[in-house]
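A.B. asks: Chains as they are written, first to last, in my numbering: chain A, 524 to 603; chain B, 524 to 603; chain C, -10 to 142; chain D, -10 to 142.
To be clear, the hints were calculated from the coordinates, so they are not data collected in a lab. Hints are not guaranteed to be accurate.
[What the hints assert, rightly or not] 30 Å max Cα-Cα, derived BS3-like pairs, lysine-lysine:
| id | chain 1 | residue 1 | chain 2 | residue 2 |
| --- | --- | --- | --- | --- |
| 1 | D | Lys114 | D | Lys33 |
| 2 | C | Lys106 | C | Lys33 |
| 3 | C | Lys33 | C | Lys114 |
| 4 | A | Lys572 | D | Lys106 |
| 5 | B | Lys572 | C | Lys114 |
| 6 | A | Lys572 | D | Lys114 |
| 7 | D | Lys33 | D | Lys106 |
| 8 | B | Lys572 | C | Lys106 |
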Amino acid sequence: MTIAVLLFARYGEVAGASAIEVEVPSGATLAQVWEAVQVRVPGLRGENKPLLARDRTYARPDQVVGPGDEIAAFPPVSGG
Amino acid sequence: MTIAVLLFARYGEVAGASAIEVEVPSGATLAQVWEAVQVRVPGLRGENKPLLARDRTYARPDQVVGPGDEIAAFPPVSGG
Amino acid sequence: MPGLYRILDRPLDLDEAVRAVAGPDRGAIATFLGIGRDHNAGRKVLRLEYQAYPAMAERMMREIGDEVAERFGTPHVALVHRIGPVGVGEISVIVAVASAHRREAMAGCAQAIERLKAVVPIWKKEYFQGGAAWIEGPAGIGPFGGSWSNKPL
Amino acid sequence: MPGLYRILDRPLDLDEAVRAVAGPDRGAIATFLGIGRDHNAGRKVLRLEYQAYPAMAERMMREIGDEVAERFGTPHVALVHRIGPVGVGEISVIVAVASAHRREAMAGCAQAIERLKAVVPIWKKEYFQGGAAWIEGPAGIGPFGGSWSNKPL
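Can you make the complete structure from the sequences, with help from the hints?
C.D. replies: Following this line, the structure appears as structure tokens:
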């Protein structure tokens, strides 16, 4: 299945895009989605602990993703 | 000597005046000034622990007052 | 000398207090607003009236600013208190403290309002249904812990 | 449902945040302002730029408001964060918490800004003389303590 991953801040800048699509097998976890992103974006290969979100909620990397889920990955936040 | 004592909040209301003059002997303390106020204003006779100030600074009752000092007496504060 | 310390007989302006403490080297401003509340001690409050000993109050507020500066490292403090009638929903007091970082600003703001309530010569009178009453702080509060003892300041 | 939770790409308005939390039964409002600071980590900062994941950020800000309501007993919370360019001296974030009494308002305000900085998906980029850099929070902060572990939320 195709999963679109939203990228923010430095991740988006490194990827040169605010979202990137990856192909993952059905039943894939967020960790697998992130690995697929890293394959597509060499500049993110050193990033092994991104914050991950599914449907606008923080999600652990072992969560399974489904088609249509809103997936996002980003570095530690720095608002304020 | 004549000492003017500023009265605030309930004390002023009880006295019906924002200041009251009392006669005290030279070398009198703030405690003696307050006793003289209580003689003049019967409604204040139950008030045995007023806050006292001399020249806009909190002062202890054993402080000696002099002519021209700005003396004030008032109940516990409640600003905010 | 930085800082704003005022007793005013007109509506208070939060933006003015914030502007008085703000500056390019300060990333944090904490403020506290005291506001006329419609109830107290089980009574419906209609309005408040504040009285102050203005000259001493402004002196004490400046002293509180100095305490905040010493303890939290920032001299950028505003303390403004209204006197006269204050309606329900109207601002009676504004504290604003600015600092490079947020912890000092928030801790300084908290200390300033606690000290103001304990030592600044201002009194509140509550008008409620059926009467009015001066509010007086607890006996244990005040410059000498509220007593005539010789406890140091 | 009370509360104001917004990501905005325009200058922030403190009075608007205060009005959003104020009400006749609340005698205390605590606010915190984050402001673009002219220095950081020994560098002269020229301006900031904030990016957010707006939909999730507003959701997380509402969640922080719920946490404050549960812990401090007041649902009257405003969290507003600006995105896009923020100049030195301009407001980047406003927190306002209203309560009947001051302690809950101040503690709720402090908790809200701490939580916002830890979990709300917003990032700051600093433009300084000679370059620019994304600021990233410490690794130990975040919804899971910043790690991929199974530590509960």
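A.B. asks: Mind listing which of the numbered hints don't hold for this structure, in increasing order?
C.D. replies: No numbers; nothing is violated.
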